[in-house]
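Each protein sequence line maps, in turn, to chains A and B.
Start counting the first sequence at 1; every next residue gets the next number (my numbering).
Start counting the second sequence at 1; every next residue gets the next number (my numbering).
Straight line, CA to CA, 27 Å or less: simulated DSS-like cross-link-like pairs of lysine-lysine: (1) A:235 x B:348; (2) A:284 x B:235; (3) B:235 x A:235; (4) A:349 x B:243; (5) B:50 x B:142; (6) A:33 x B:33; (7) B:362 x A:235; (8) B:284 x A:362; (9) B:362 x A:243.
Taking beta-carbon pairs under 8 Å as the criterion, some of the chain B residues facing chain A (in silico): (10) 30; (11) 32; (12) 90; (13) 216; (14) 222; (15) 235; (16) 238; (17) 286; (18) 287; (19) 288; (20) 294; (21) 310; (22) 318; (23) 322; (24) 357.
Hints are computed from structural coordinates only; laboratory data are not their basis.
The beta carbon of each residue, even a glycine, is placed where N, CA and C say it ideally should be.
Spelled out from the first residue to the last, the chains are:
2 protein chains.
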Amino acid sequence: MNQTQAYIQENKERFLDELLELLRIPSVSADPKYKSSVADTAKLVASYLKKAGVNKVEVCETAGHPIVYGEFIKDKSLPTVLVYGHYDVQPADPLELWETPPFEPVIKPTKRHPKGAIFARGACDDKGQLFMHVKAFEAMLKSKNVPCNIKFMIEGEEEVGSVNLEKFCKKEKNRLACDMVLISDTSILDNKVPSITTGLRGLTYLEVEVTGPNRDLHSGVYGGAVANPINILSKMIAELHNKRGEIAIPGFYDDVDKVSKSERKAMNQAPYNEKSYMRDLGVKVLHGEKGYTTLERTSIRPTLDVNGIWGGYTGDGAKTVLPSKAFAKISMRLVPHQDPEKVFKRFKKHFESIAPDSVSVKVTPHHGGDAAVTPTDSAEYRAAEWAMTQTFEKAPIPVRSGGSIPIVALFGNRTQGKIRLAGIWSG
Amino acid sequence: MNQTQAYIQENKERFLDELLELLRIPSVSADPKYKSSVADTAKLVASYLKKAGVNKVEVCETAGHPIVYGEFIKDKSLPTVLVYGHYDVQPADPLELWETPPFEPVIKPTKRHPKGAIFARGACDDKGQLFMHVKAFEAMLKSKNVPCNIKFMIEGEEEVGSVNLEKFCKKEKNRLACDMVLISDTSILDNKVPSITTGLRGLTYLEVEVTGPNRDLHSGVYGGAVANPINILSKMIAELHNKRGEIAIPGFYDDVDKVSKSERKAMNQAPYNEKSYMRDLGVKVLHGEKGYTTLERTSIRPTLDVNGIWGGYTGDGAKTVLPSKAFAKISMRLVPHQDPEKVFKRFKKHFESIAPDSVSVKVTPHHGGDAAVTPTDSAEYRAAEWAMTQTFEKAPIPVRSGGSIPIVALFGNRTQGKIRLAGIWSG
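Given the sequences, and given the hints that come with them, work out the whole structure.
If you want it as structure tokens, here you go:
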């Protein structure tokens, strides 16, 4: 390994420059106005793969944003690792809350990282991680240390539900054949407490529209006589949870995986300091489902959050409008055995049933994804464990994460559960 | 009067052109980006007053938008009428709901107005009405039919609470001395059922900000463990009304003017067709305080409406954010004897008291205004009644309106209740 490490040392500055170049492109997949930036990012990722020595690299067009695919076959009899990552990023708004512009990366020392950390949209979700795999491969290849076949599949639609990736996987089944999938798109518990993510929550994301009167009205003339869709939507959202913090949709918990007492006990031994967690978030108390700890609430329990709400006049000053419509984006994090489509249908039925006659409601699905769990007793898991132990000088602990990567469950089906989610620090 | 009518006929086209010119300027007082358009509108109104023959015209600068003042003193011993109006307009968003651009007036025939009605922001609130008074004066003066002294005070901040008008009125107390105030800034019941507005609701307008975590979080990682300010704000809004549709703020109804049974009976004899009211608004059922009719709910009862709400991700597509903040603009329509400032304080205290410990809240006042009522047995009311009877060939009925004109209560104090609110059709 010394040669590999030497190569990394020699090329460190170039690696950093290339990463910063990648972070500078605003590859926001959700917003159509960034379409060409997303395409430029795909081309840059492809050029990095080529430079690293991946011999077959292709920018595969889809109905949406392109997928960058590359492969390096050393010997067909060796095991094949498929590296998955995404080069698209979440929208950067609200812009005013950024201390430095989201697409102008800066390196600043922090309390946790006195040597400096990179601040930019996508630095740790997921450009930094995919770049790490590309450069790890480059360093291993140049120092003649690659022990297996490697395939790279880097998509540009993870933040919008990976709709076209699913089609791509079905179509390119043979080309994508592999023994394990390696994904770095989650967090580790702490730099001093390395961890490997072995489970992810699923997702149902949807949008609701509540319509009262057929046009915006003057609240002075009509106020008090006509249902205000914002007031009604607020009431309906309030009714989605009961007093125990449980989700009040009939049947919502029917398929929820019951985690054993012993597993819950083990899980709660992960290092967690409630006071510093609250201090970090600037909150006086935490808030969640009764009967569960914070670690449980964010991993083995499903949740419902409003991710966005809007309606009426939201500009400067005051406008006495009684609006025609109010909207919300709502998502539910799911746990193993919950089916995103079934959850969507249950939500829709319930939401329509609690709507008063004074309004009409429309519930539209966005994207969804199954939850996933991977075993910890496989050779692949042990290999990942070994690699992290080398780096952190400490064995990683297996954890389940609260986030969702829609494509993970699909990989699970394709590779008979041989998925590894190597947690990488995400700042 | 024949000479006056002849003058109107001769100048009809010019009058119309001048009105359309006035409607073309986007004098949105709430939005700072229209500041120079608002100033241009003031200058145009001043030029119309001069052209009409008002001899002392002045554009009076204020800390905000200017007030146009003009006076025509025929004989100091004659009664003086002060005409109040406003040349500013409400913001025009949401723009996509306009069939034609808001500041490009068009004349289109409608079912109610087969000869054509003008469609533009401000056409009936309040540029059309103030223009009518200017041209009525012009026609009367040119035909030597002005029977009294006239003062015009046309402001540019009615839609943002008339803050500077109040100061102006105090400062210019002597200049503004008058026997009655004439305001055309409300509706009539119907073109076939003329009415004069004799009462207006007051207003308390405010903004709330609910803060959960100190930054936007990933809903996958933190969802379920931290209070989501949108969910909390929704719940708090829901709690502002009880099941009877009453406002659930302690003490809110303490000062509400109790209207007698006989007055309520008379009020409910105004023509009102619930079915066509609902059909016009496109709603299946109405919604309001139990125990009151629609006419009562919109006139003698106070109300609370959310006029705008926003928070989290509201762009295209999906973003799984657990936002740091959520906001709402909330207004309450008040009835006589309710004090806007007292109501604001009660709201603030209550809103803060229902906030869970998991969030912090900030309540900021916008503008307010007292409710007002004017007697129907005065000479001034009878003069207005006579004028409308001439035009509509039917006596107008006195009604109370749900809207608010903040300055009306102030006039009420200054002129010992001698206020006339002549309702003009508002489309």
